[in-house]
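Need the complex rebuilt from these two chains, each delivered in its own frame; the hints are there to steer you.
Protein chains in written order, with the numbering used here: chain A, 1 to 454; chain B, 1001 to 1344.
What the hints contain is simulated information worked out from the structure, not anything from laboratory work. Computed from a predicted model, the values in this text were never measured in an experiment. Please note that the accuracy of each hint is not assured.
Straight line, CA to CA, 27 Å or less: simulated BS3-like cross-link-like pairs of lysine-lysine [claimed, not checked]:
hint: 1; chain 1: A; residue 1: K173; chain 2: A; residue 2: K75
hint: 2; chain 1: B; residue 1: K1255; chain 2: A; residue 2: K185
hint: 3; chain 1: B; residue 1: K1255; chain 2: A; residue 2: K173
hint: 4; chain 1: B; residue 1: K1257; chain 2: A; residue 2: K185
hint: 5; chain 1: A; residue 1: K127; chain 2: B; residue 2: K1255
hint: 6; chain 1: B; residue 1: K1257; chain 2: A; residue 2: K173
hint: 7; chain 1: B; residue 1: K1257; chain 2: A; residue 2: K127
hint: 8; chain 1: B; residue 1: K1173; chain 2: B; residue 2: K1088
Derived list of chain B stretches under chain A, where covered just means 3 residues or more per stretch with a C-beta under 8 Å from a C-beta of chain A [said to hold, decoys possible]:
hint: 9; segment: 1051 to 1058
hint: 10; segment: 1251 to 1262
Even glycine gets a Cβ: it sits at the ideal position worked out from N, Cα and C.
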Amino acid sequence: MSDATSAGPRRVGGPAAARTSLLVADARTKRRNAAEARFRAYGVIAIAVAMLALFFLMFTILRDGSGAFWQTYVKIPVAIDAAVVDPKGNRDPSEMDDVLTMSYAGVLQDALARWTADNGVEIEGLKDSDYAGVFSNQARAQLRNMVLQNPELVDQTVEVPVLAASTIDGMFKGRVTEASAAIDKRTSVAQFQLANAMEEKGALATRFNWDFVTQPDASDNRAEAAGLGVAIIGSAYMMLIVLVLSLPIGVATSIYLEEFAPKNKLTDLIEVNISNLAAVPSIVFGILGLAAFINFMGLPRSAPIVGGLVLTLMTLPTIIISTRAALRAVPPSIRDAALGVGASKMQTVFHHVLPLAMPGILTGTIIGLAQALGETAPLLLIGMVAFVTEYPAAPPEGLFEPASALPVQVYNWTQRADSAFFERASGAIIVLLAFLFAMNLVAIILRRRFERRW
Amino acid sequence: MNMMKMTASALAAAALSATAASARDNIQVAGSSTVLPYATIAAEAFAENTDFAAPVVEGGGSSAGLKQFCEGVGESGIDVANASRPMKKAEFEACQANGVTDIMEVRLGYDGIVFASAVSGADFALTPKDVFNALAAEVVVDGAVVANPNTTWNQVNPDLPEQPILAFIPGTKHGTREVFEEKVMIAGCEEAGAQEAFVAAKGEDDGEAACSKVRTDGRSVDIDGDYTETLARLGSSPEGVGVFGLSFYENNTDKLKVATMSGVTPSTETIASGEYPVSRPLFFYVKKQHIGTIPGLKEFASFFVSDPVAGDGSPLANYGLVPDPELPATQAAVDAETTMTAPE
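Chain B extracted, bound-state conformation (with noise of 0.2 Å):
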């Protein structure tokens, strides 16, 4: 009989504190976890020197932050979505679909991407071509197309070490992986004159679809977990390349060596510039029908992109963001809560 009474009693109690729950004070943040860690360091700040409930900032991913961010407009949502790419056109329509008609991006600064090899291991200059010469599934060589040869760093360009080639790249579902086919194969594809001879072997599409495709040999690792497995893999084959994001790198000095790009040695400085050519903007998406039901969240928007939490010698600047030299735009259209059009 107690028995009975218990669940009853239990039931029932959770029953009424399920429809007692309260309105929601935090803001919730999902995304990118490229983005994640500048995130969580903004979100601790906000909520240390604001008077607002701290943000809670989960990962999951671009694709999985902005699906969720796309779901529609209410409490049970998320307010904030990071993506380490722009939303696509896609995306863009799901979440008009859904109700979510206001959106608010924001571009909070730059993140680079670079080759590091074990700290104990030879010196990399590396270039576009060199690198696609190296992982690409087939190259041109005098003037065919045939799978890659190439099995000795040297063998691609006999400036760089002779040791086997071995390399860890991001798998496919991380947003890094795009950039590398864009800003390294496909740039490096190019600088090989490789894609002319692919378009005439293979026709327009294949030809240009050839130029990102990355040898399965097993001389190139997809990893598909984050940047410490990456690292973790060098550990255990030294010879190895990874391929790391700038603030990973600067924060495990101490264990890798950063390779230079066509002679251009990666920092915020060069990727500021535009001298290092491979980075990508990072961006969150602010969802502005909640801006007045969830408090602090326009205030956090503001706070994430100003000058002493994002510009120069910020704290985000100092874990590895590169900072944005638009920042006032940015700050300025944040203020004015202008919300984004639809994607090309």
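Isolated chain A, as found in the complex (with noise of 0.2 Å):
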């Protein structure tokens, strides 16, 4: 009865029927050739649409982020007076110390207005702090930390790459704009003019900033000197402690549901509980890995190891599901064959189903370690979500030093006031997404080239 035998050209005999050619398509035949193709454009639009966010996402963020790669420096002759940055004059890096950053503007100001005078650089209207503003808070830092190792430099003339002013910097990315600059009050249109002859002279240049994956996170005031080193080491090692704690445990997990457990209703409850772990939301984790891990068990906050035990409890649901989807994807026959030889269950086990479902189980763990990657909600709570300017030593000690993470350092820097951080923001997801790119390429290629088929 269906419409191809009642009307669709094959009909045989009855009087009324009408002859109908093959080659010429009826009415009903056309509608179902115009659904199909209707079908197949929703599917061609869907994918359209998706590709679409896609690239628009990807569009904006690398026009956002790719600017934090790159970064201007001056690099002036500095007179370090001895004034300034020795004042008992014993040249002792300990009585030195006493003299605060802070005190090092003045000493990068002046190098710069006498390098303005020296360069016949005329401006009007150049004010003493718009020669400070020039250069990056960082700059102080750096200035001091080097004469204090190297007693020597006071009284003498360095010429060292310093950082500049996020302003600055701003204006070689098109943040800045003479229009812009007339009204912030962090900058003005003399410096702008300043900093062009500057460009122009040579000393000021813009280069690949590799600081901004190697160094720390700087405060709000210093966003030119802000990396992810620290959040890069500190998800390193989270996902170190996922990895070890996660996959043996859910491995061992999915084993013994799988291939040993006996199905009772105990081990329905498992499972279903299992599934219902896997959609708990992420913050919920956070809250356990609080009471748990810091107040009951008193790890220390901030510290990459309660991150990482937080994250393997999130991550073992999925890894168990997919692990147990790779166990039943190995055909019975193969259980069957080893069994028939006499092979013990464990043996089959370990030596035929297992290694016949790596490829399955280590595509979910990358997957899963992915998810765990980008994740901030949990961390919220347990005190990652925070400003840390050291790195953490290597492990194990590492484990239980202060650390970020990388999506919660996109988060705190989406947070602040100065949009240069905005830059560094979107520059952070690029990162991310490199790495996350990375560990889905890698789990493509383990199923690419481990994977049997029957």
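Here's what the structure looks like:
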């Protein structure tokens, strides 16, 4: 009674039936063909919308974030004035230690004023604050460290590249224009012209910024110095903990449930709960982590060990579910054959089933890790959404020292007032995406190379 | 078998290293997101200029920070709580109950709260009365209490621009909201003489509460996120007016135009002199019982309020903090480790 037999061209006999040609489609066939064409079009549109959204996302992130990988540096001769940095004149680093970083601002300001005069740069309305404002606040710290490590530098002239302020940096990235400089309190038109003159004479140069991926975070008034170093280490430590804990626990659980456990109410309950656990919002794991690991076990706040443990709990269900699927995909004939030649149950599993399921298990694990890498919410409550400027030590001690994480750094930077942090947040997203992309690529390669089909 | 061994050894390693966790040598700070930038600047400078480990600074809000602060004494708790309002009596009592008995209250400076519009928009010269009449849920018209009928700013005050009322104000979870209600809405309510009418119409308690009630017809929008969200909202609706912290405005003067309040332009100078009315003190609280256990805690507290850090021309002042004229007294109190008494 289908459409094809009642009205199709193949209908045979019947006095009322008009003869139709197979070459000419009748109305019904046309409708069916049209419906199919429409369905295909919907599919294409759906893909196009998804691609467009992805493209838009990637485009805006790359446009906003690529600037973070370039940074402007100032390189002018700086005379280190003994009166400022060593008021007692003993060249003793322990005494010079008392001179705070803020005092070095004057040294830099004088150096630039002298450079301007020496190079015959004449700009109307240049104020002292315009000179000082060219340098990043980080430059003072850099200079101070240099002098303390090397007291002979006092009264000498040094010429090292130091960071330019984020407003100056913005001028070479199109973020700050002459018009916006006029109304921006942190800069001025005179400073804008000074920066251009400095660039012409080679005292300002923009170059690739490795510091962005190696240096720690910096405070709100040093956008130009902020980097991802501590966040990358923190994320790497957490992934290490997640991998070491969740892979063995997850695989052991799955093998037992799939191959050994009897089918009864208890195992059913466990299975249902594992599936439920996979759907628990991640912030809940954060609350659990705070209560169990910090308040009860007394582990330190802001430490990768706690973050890693919390993310392990979050990743376990993902790994268990994908491992069980991989084990189930191994044909029963393999098990039967192994058992048939006298292998024990455990030999069957470890010699035959597990190696064949390995590509699926690894893929699931990597996807689980990638998910954990991008997670911020559970880290909020355990103190990892923090401003950390010191690198943690190497494991195992380093696991207990404060660290940040990549997604956390994105979250922190988007909240800061200076618009240079927006660029850095987008830059951090690029780094995070690059890591996720690399992890997914490894998962795909593993699957392609080792997967078997029956 | 291998798996089992690996699991067992991994768990053993985790358990072992957990017990081996050594004493904490860095200061832990958490609390107000308004104080957060100042705390990070101070923490960074502290690490640069001393041999102590860099303090770890978290945000999270004044209430959350003080709650954590009062959870107890010991290394797993934070050492310093930042707050954009004084500690409340209930919080102080919670602290006492949990053994946090010696608390040093340190006022690090003042923060201004400003109204600003998109830089392309019209100029605003506001008064608390105008803001109240524009944003209150109910106003007094010809002696009668009515639901706010004003839809454009020039209906409120003929001198204001003729554009629809649209304001982005901090959500109720922000400490800034309390200051906004107290220093702008209630002040404006009194100035407009609406308070008596409210009290007459609704009784003592409800009448006073009506002063700080904000209209809910979509002309006043609560922003629960931070100032970057308010800035983004102004970007998409350039006719709006947003409430910002002074430091946020100072860092975004190329995108924002500030409104005067009763004829005074907000700046660190006008706030310090008291001419600009909408400001509030910022605090941090130090667990005195941790001094001696956590290295550098007292040094950090004194460093935070020292002249080169929090005084005139300091990095904090450059970022937008209004230096406290009574800073020397604060410094002396920190040096003497003076503890606070129960708040009113």
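- [ ] Take a quick look at whether K173/A and K75/A sit within 27 Å of each other, Cα to Cα.
- [x] Measuring from Cα to Cα gives roughly 19 Å; hence the hint holds.
Open item on the list: Just to be careful, I want the Cα atoms of K1255/B and K185/A compared with a cutoff of 27 Å; is the pair within it?
Closed with: Since the Cα atoms of K1255/B and K185/A sit roughly 11 Å apart, the hinted pair holds (cutoff 27 Å).
Open item on the list: Check the hint pairing K1257/B with K185/A against an upper bound of 27 Å on the C-alpha distance.
Closed with: Given pair K1257/B, K185/A holds - Cα atoms ~11 Å apart, limit 27 Å.
Open item on the list: For a C-alpha distance cap of 27 Å, please report whether K1257/B and K127/A respect it.
Closed with: At roughly 24 Å apart (the allowed maximum being 27 Å), K127/A and K1257/B satisfy the hint.
Open item on the list: Can you confirm whether the C-alpha distance between K1173/B and K1088/B stays at or below 27 Å?
Closed with: holds, 15 Å
TODO: Check whether three or more residues of the segment 1051 to 1058 of chain B sit with their beta carbon closer than 8 Å to a beta carbon of chain A.
DONE: Our answer is that it holds, as 5 residues pass the Cβ test (under 8 Å) against chain A, meeting three.
Open item on the list: Does K1255/B sit within 27 Å of K127/A, going by the straight-line distance between their CA atoms?
Closed with: Answer holds: K127/A to K1255/B is near 23 Å, not above 27 Å.
Open item on the list: Hinted pair, alpha-carbon criterion (27 Å max): K1255/B, K173/A. Please report holds or violated.
Closed with: holds, 17 Å
Task: Stated coverage of the segment 1251 to 1262 of chain B by chain A [criterion: 3+ residues, CB within 8 Å] - done: holds (count 5)
Task: Satisfaction of hint between K173/A and K1257/B, Cα-Cα up to 27 Å - done: OK: K1257/B and K173/A at ~24 Å, within 27 Å.
When the structure is compared with the earlier hints, no violation turns up for any of them.
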